[in-house]
Each structure stands twice: as structure tokens, then as C-alpha cells.
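Enquirer: What follows is each chain in one-letter form.
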Amino acid sequence: MNWLLAIVQTLLFVALAPLLSGWLKWCKCHLQNRKAPSLLQPYRDLMKLIRKQPVVAEHASWIFTRSPYIIFSAMVLAASVVPLIAVDLPTAASADVIVLVGFFAFARFFLALAGLDIGTAFGGMGSSREMTISSLAEPAMLMAVFTLTMTASTTNLSLAIAHVLNEGLVLRPSFVFAMFALILVAIAETGRVPVDNPTTHLELTMIHEAMILEYSGRHLALIEWASQLKLMLYGVLIANIFWPWGIAQNFSIHALGYGLLAISGKLAALAVFLSISETLVAKMRLFRVQEYLSFAYLLGLLGMLSHIILEASR
Amino acid sequence: MSNLNWTEIFGQAMDAAGVLIETQPATADHLSAWQIADRHWQKLAEVAMTHRLRWSAGWAEQGPEQFSVYVLFEKQGEYLQVRTSIDLNRAELPSQATVYPAANRSERHTQDMFGIKFAEHPDNRPWTRHKAWDKHQYPLRKAFAVQGQPEAITPPDLDYAFVKSHGAGTYEIPVGPIHAGIIEPGHFRFQAVGELILNLEERFGYTHKGIEKIAEGRTPESLARLAGRVSGDTTVGHAWAACKAMEQAANISIPPRAALLRGILAERERVANHLGDIGAICNDVAFTFAQIQFSRLREDWLRTQANIFGHRLLMDCIIPGGVKHDIGEADCDAFKADNVRLRKELSDIITTLDLNSSLEDRLYTAGFLSEDIAAAFGTLGYVGRASGQDFDVRRDAPYPPYDKVTVKVALENQGDIASRFWIRYKEIMASMKLIEQFMALLQAGEIATAWQIPAAGSSGLGIIDGWRGEIVSYVAFGSDNKISRFYPRDPSQLNWPALEKLVLNNIVPDFPVCNKSLNGSYSGNDL
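The listed protein sequences correspond, in order, to chains G and P.
Here my numbering is used: the first sequence runs in plain steps of one and ends on residue 314.
Here my numbering is used: the second sequence runs in plain steps of one and ends on residue 1527.
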């Protein structure tokens, strides 16, 4: 029963990810005085791409053609360990937050390889930029996550969330720092403004898009879907770690329904916040990203220090 | 009369250098015409450089027995057109590009199209020529058929000798000619270390349409239509320049009302394009909000034009002898309402943009073009004016209707993207004022003069200020009212080389916004 629930939750994750992207696009359009496409547009795009035959470069090796499947699978696995509507699911117990970061790194590794594989200048450029950014983003993310896990004394996400729930509403300076660090990292890792621009057509400014320029058809669909999953994963992480209230702690239909409603509301609010910030700021110069991520790391570090100084003694 | 002095002093300097000058009747105001011997061609450039003349345009023409090669210089609003003749069978001329970098691509274009060899040219690679013609075919020679020699597929231009870079860690990024966005085709080749741009090389010619060739044999009306398609966003500018040249050749002057209407058209074109550009610059740094707002403003502006002139971009509104459509009181009111609305909206939006520090961070100091380089390449329009090049045909060599008003030229000297951004804003404000002044000056009257067939061999040189800057248009007539030569020099031709310089020391991902701030026309460059 529990395993069934875990699978259903993972499927829900995969199924809802495009909806979140559609909602984000909808918010952005309305903030910019534009007519928005339907919320279901990302699904239609994915369907269209899946039906199309992929066009693969002559020089592409197996890395290029397999990477979309590897990346998508890694994101689905990552989704299975993050509590979406309920805690204490068996999948969540089997893997902790470091494994989650590992899944992200695994997917990124193959994405960067695929960018290099076909030998175009843009692919290599995108891969190089992606690795630069991730090498700075990963430590910042780990630092933020460690702050949380030190409070809960576990690296298991499910247990950590349960711990936060049991503690009740306590204002922890460490959590505030960690949350902001995680938000900054999430923006960088999911390729949003001001670090990357997911809607740009300018090859030379691209990071994520540059790596996947040569993809088409179902390959592109899988990669797009994986990106949408990644965005949702980060959203769920931020929402459920720092505001876990509402998440189902038992497996009754009532609790699960309430959990689904809660996470939907939280994600929708986060997307509104993201779309406002994307409307207000221009993309930063590429070399500013280091400062930006160093700041995220600093926030994570401050979170950790304030935990040790203010909270650990209690 | 201080303006006239430099031509005289320059003439004396040329005499002292042993160059015999044959003065020819000038065909227009602010223009002198000389003829010199071909062996003095380079000497001319050298003396011109010491007198700090600006190289403006160069082109050639095939006569019955010889090629005529022209060069146009400008200083303080006075133009000097110098011609030389070379033998058809011994088509060689000393290069001026050794002295004027601005002449580089123009001479290569002439070399490609006419087979006139420019000796000692610093860069003898082809420019407009890709692989469409055999080695010894020169499309602008009279023997070459106007309809060309259509081939199923033009072979790819694979052996162009791009600049190479060597050394550890340097790499090349070829971009285009087909881009991820829907823009004109052009190839950019970067040499970079990490993200830092070491060198940029442009390769154009992908939109070569044979404008110069298909102009031959056209009637004046038909040429005006063609000129309006040299570059779609400058349809008023190019049509005006070509018509002005034809009107000089036919020795007719346009009615005052037609001149004022042309002025209104040209200024409206300027406003529309600047609005689009400001939004596009913001979009290139992912500030989409501004782009959406400016697209809306531009579209509203264009729709008024569609209602009144029947074409959003004002194509074919200018005809030889005048303009095609008259406007009434109601139309003037619509223009005034447009101005009022635009001023109000801009005051809100521009303030928002000005206060946005993330935008400021991207635009200030990026894409710096020094005054020296801007002057060396003779950069025009907003690119030149953002780097301290205080020149505007409308003010310095005024032509109707600008001779009736005071044209204030916006000037910035920071030379960065922000300067080119703010110049556009200032020009929008100035253009709206000009439109109002022109409307106030409108008096009832004719909107076109009857066309008179020009004598065979007569020619004209139309110089006007388009929205990108000075446009030079040369038109020569053959017999029976037929065009024998048309050469439009779009300002982009002189602005593009500046891009290769202003991106240096920038990083690769900043190139698109640098390029957008310059916004050269590929079509106007490739002809």
C-alpha cells in the first residue's frame, strides 16, 4: 500500500511538473500585460514533440541519443525521494538529501556530455557555463541543506520535515538564511532569470538552452520535461522544508487530499513570487553569477553558524 | 561662408601635392564635384585624411569606354564628390582603404561587382561575392544580364579565409548565418579565451539581392519602389534618398507641402524604429517587460500609419517628385494624439527603466566604442552620436523641409550601450517635436511636381538622414527615362565595422546586446 502510494506520488510529480511551468508562464505573461497561453500549453508542446521524429547530428554518439532518457530517469528518481504530499513514504526513507543532490549532479553530468558530444560551439559553450555555475551552486545548496539537517539531526528529508512539523512554528534564524540560500541556488540551477533566460533565442547568451540546441523530437520533449521536473523539485523542496504544514502525516484519503491542496497552493505562490522577480530584474552579466552564488553560499554558511551559535546549545 | 573654405583650402593642398583638379558643375546644394586622374586616387585620400575629411561613400559605374569610380567626402556639412575614370580593359586603381578603414568593404564590394582591382588593398578577400558567379564574371558590368544566371543552388562559400587564432585555450565560435531567432542572416566568427572576446569577424552578403543590378533599366517610379526595399525598416529613408537623387538629375524641385510630408514620414519612421530598438535592447538582457511595452507602443504608432497611409511601415509613400498621399486635418490630429500618448507613456516607462539597477548594470560600460574608433570608421547616426560624432545631415547640410526648422541633434559621449539607448530616447523626443513643427508649417498646395524626363547621362546624389544616419543614394539616368546606375549607401555599411571593435574586451554572452545596440541592417549592407 505504502509503495503504491509512493509510486502514485512520483507519477503525480511527473504529471504536474508541466502544469507548474504553464502556471509560471501564465503569471509572467500577465505581469507583462500579455495574453497568456493556456495552462495546458506545456502538455501540448510535450505531446507535439513526442510525436515528432528526432533529428540527430551525423556525429552524435550514443551519449547524445541516450542522455535524454538518462536525464529524465534521474529526475524521476529524484522526484521519488522528495516528499510531495505525504511524509514517511518508503522511497523517501531509502534515500536522503545527499542522494538527491547526487541525482541532480548525475543528470547534469550527462546533459553537459551531450552538449559536448555533437561538437558544436554552442553545445560546448553551454556545457562549460553549466559546469562553472554548478560547481558554485552545489556547495551552496549543500550548505543550506546541512543547516536544516543539523537541526533535525538527519539527512533524510522525510524525517527532517517531520521534525520541523513536530517542533511547531519556531522562528529560526538559521532557517531563514538557509531558505534564502536555497532560493538563490534554485534560481541558478533551474536556469531562470537573472542567471539564465529560458525563453531566449540568443545562442550566445544561453546556458541550459545552448546544451540542448541540437535536440529535437522526443529527445527534446524528455529534456524539457526533465527541466520542468527540476523546477518543481526545487519548488517542493523549498515549500516542504520551510513550510511543511499541510503535508500528509498519515495515509488517509482526507490527509492526502489536504496535502495535495497544500502543496499546490504553496507551489502556486512560489511561482507568483518567481514571476514577479523575473519581471523586475534583467539578466545579470555572466561573471556576476559567481558573486551571486558566492552570496548564496555565504547565506548558507551564516545559516549554519547561527544554528551553531543560537540554536545548537538548546 | 567658412564652410566653403575647406574645399578651397583642400583644393590648394591638392594642387600643392601635384594633383590636377577638374571642377565639375555641382548638382546639389552643399556638394562640390571634382574629377582627378586615376594615378592620384590614393594621394587624394592621403591629403583628405590630413584635412580630417570624413569618408562617406564610394561606388563605381560603367560608362561606354571607361569605369567611373566615385568617392564622397564630407566635412562640416559640405560634401565633396570626386570622380576618376579608368580604362575598361585595365581596371585597376590604387586603394584608399590603406588610408581610410571606412573604405575597406566598399572597395571590396566594387571589386567583387565590377572587377575593378584595388591595388595595395589591405584585405583582398571577397566581400559581397560568395559563390554565385564564376571567377571572371562581374555582375554589375553591362555585359552581365540583368536577370542574372540562375543556378539551381549556389554552392556554399566554404573557402573564405577567416582570421585564425592560435594558442592554448583560444577557441572559435562560428555564429550564423542562420540564427536561433528570426533575424536576418549574417555570420559572426568569434575568437575567444574563456568568455572573453579576442576578435570578432563579420561575414555578410547572405542577403545579396542584386538591388544595384535590377535597378538598371527601371523607370523612376519603379526605382522608388525598389529603393524602398533596400532595407525594409528604412523604406522612407531610402526611397527619399533615391527620389532626391532622381529629382536632382531631372532638375525638378518638390513642392513645400511634399517636403513637409516627407519630413513627417521620415520622423515617424525614426520614432517607430527607435521604439522597437529600445525594447529589443532590454529584451536581449532578459528584461522582457520593457520589450512588451515598447512593442505595444511601436505597434500603436504603426497602426496610425496603416490607417492614414495604408502601410504600417510607410512603403511606397514617397514617389519621384513628391509624395503619394496627402493628409487632412483629421490625420494631423491623429499624429498629435499619437505624440501626446507616446510622451505620456514614455515618461512612465523610461523612468521605470532608468531606476532599474539590474538593467543599468548590463547597459553601462558594456560595448564601449571610443570616439577615435567611431571617427576612424565614420560611424553614423545613433552609433556615431553616442560616441561623440556630432553630425546630422538634417542640421549640417539641411535639405527641405529641415531647412525651415531648427534640428537639435542628440549627443552622448560615453560610447556604451547605455549611450546608444539614451540617444534613441532623445531622438524620439526630438522627432516628435519636428513632426509637430512640420504640421504647423503645412500649407495647402500640391503634393507632387510633374516628372520631367532627365537628359541621358544626367545623375544625382541624394543625401538624407535616415533613422540609422546618413544615407547616400547615387542615381544615373540613361536614355528614355531609364535608370542606368543606382547605388544606395546604407549607414549600416559604415556602422558594421564598428561592431567588430566595440565588442572587444566584452564577454561572449554580452555580444547580442552589443549587436542590438548597433542594430545594423544586413539587407542594406548586402544590397
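No lab work stands behind these hints, which were simulated from the structure alone.
Don't take every hint at face value.
[Said to hold, decoys possible] DMTMM-like, lysine to aspartate or glutamate: derived pairs with alpha carbons at most 20 angstroms apart:
{"#": "1", "chain 1": "P", "residue 1": "K1501", "chain 2": "P", "residue 2": "E1412"}
{"#": "2", "chain 1": "G", "residue 1": "K35", "chain 2": "P", "residue 2": "E1201"}
{"#": "3", "chain 1": "P", "residue 1": "K1043", "chain 2": "P", "residue 2": "D1159"}
{"#": "4", "chain 1": "G", "residue 1": "K35", "chain 2": "P", "residue 2": "D1390"}
{"#": "5", "chain 1": "P", "residue 1": "K1426", "chain 2": "P", "residue 2": "D1390"}
{"#": "6", "chain 1": "P", "residue 1": "K1164", "chain 2": "P", "residue 2": "E1201"}
Enquirer: Each hint: holds or not?
Expert: Comparing the hints with the structure gives:
With a C-alpha separation of about 19 angstroms, the suggested pair P:K1501 and P:E1412 falls inside the 20 angstroms cut-off, and the hint holds. The hinted pair formed by G:K35 and P:E1201 fails the criterion: a straight-line CA distance of about 40 angstroms is larger than 20 angstroms. For the hint linking P:K1043 to P:D1159, the alpha-carbon distance of about 34 angstroms lies beyond 20 angstroms, and the restraint is violated. Of the supplied pair hints, the one linking G:K35 and P:D1390 is violated, its CA atoms being roughly 43 angstroms apart against a limit of 20 angstroms.
Distance check on the hinted pair: P:K1426 and P:D1390 sit about 14 angstroms apart at the alpha-carbon level, within 20 angstroms; holds. The suggested pairing of P:K1164 with P:E1201 holds, with an alpha-carbon distance near 10 angstroms, which does not exceed 20 angstroms.
In this structure, the hints that do not hold are numbers 2, 3, 4, in rising order.
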